[in-house]
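Convert by adding 40 to the 1-based position in the sequence shown; the result is the number in my numbering.
Honestly, I wouldn't trust all of these hints.
[What the hints assert, rightly or not] List of simulated lysine to aspartate or glutamate pairs, DMTMM-like, C-alpha gap at most 25 Å: (1) K111 to E148; (2) K44 to E148; (3) K94 to E148; (4) K158 to E148; (5) K98 to E148; (6) K99 to E148.
[Said to hold, decoys possible] If you anchor each label on the Cβ, the simulated ranges turn out as follows: (7) L113 to I142: 16 to 24 Å; (8) N95 to R131: 41 to 49 Å; (9) L110 to K66: 30 to 38 Å; (10) Y115 to K158: 23 to 31 Å.
Derived by calculation from the structure, the hints in this document are not laboratory data. Since the structure is predicted, the reported quantities are computational estimates derived from the model, not experimental observations. Just so it is clear, CB atoms sit at the ideal spot from N, CA and C, and this is done for glycine as well.
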Amino acid sequence: MNSKTFSTYIVLFSLMTFLIFSFLLKFKLEIFFGLIIPLFGSLFSSNIVYYLFKNTPKKLTSFMIQSFFLKMLVYGFFLILFFNFSSFNQRVFFISFISYFITFHLMEALFIKHIFNKG
41 MNSKTFSTYI
51 VLFSLMTFLI
61 FSFLLKFKLE
71 IFFGLIIPLF
81 GSLFSSNIVY
91 YLFKNTPKKL
101 TSFMIQSFFL
111 KMLVYGFFLI
121 LFFNFSSFNQ
131 RVFFISFISY
141 FITFHLMEAL
151 FIKHIFNKG
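Starting from the given sequences, assemble the full structure and let the hints guide the process.
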């Protein structure tokens, strides 16, 4: 599996779960914003990990450490922004964010394991 295939799967998964939850619940914006931030972080990270693994594997560990800290800063910034300056239902946003955050990171870990095993 390459990074384009993984990106397609993760976007389709996101779209499918968003449509299901937005149909069942009335909190469309909260779910969407809880989805979009971890989605972009995961797509960005997994595509660069794949590129680095194929082209310059020596830089991979350094990138993964740097991207971890960068993602934590970005996620923290957006969480503070949403909790302080939004009129959204904060519980729904937080549950959506945490759920997608965990899911995308698990999917990304499985993808990285896959590319490491394939070589």
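Hints and how they fare:
1. K111 to E148: Holds: K111 and E148 sit about 14 Å apart, inside 25 Å.
2. K44 to E148: 13 Å, holds
3. K94 to E148: 16 Å, holds
4. K158 to E148: Roughly 15 Å between the alpha carbons, so the hint for K158 and E148 holds.
5. K98 to E148: 20 Å, holds
6. K99 to E148: 18 Å, holds
7. L113 to I142: 16 to 24 Å: 19 Å, holds
8. N95 to R131: 41 to 49 Å: With a Cβ separation near 43 Å, N95 and R131 satisfy 41 to 49 Å, so the hint holds.
9. L110 to K66: 30 to 38 Å: With a Cβ separation near 34 Å, L110 and K66 satisfy 30 to 38 Å, so the hint holds.
10. Y115 to K158: 23 to 31 Å: The hint (23 to 31 Å, Cβ to Cβ) holds, given that Y115 and K158 are roughly 29 Å apart.
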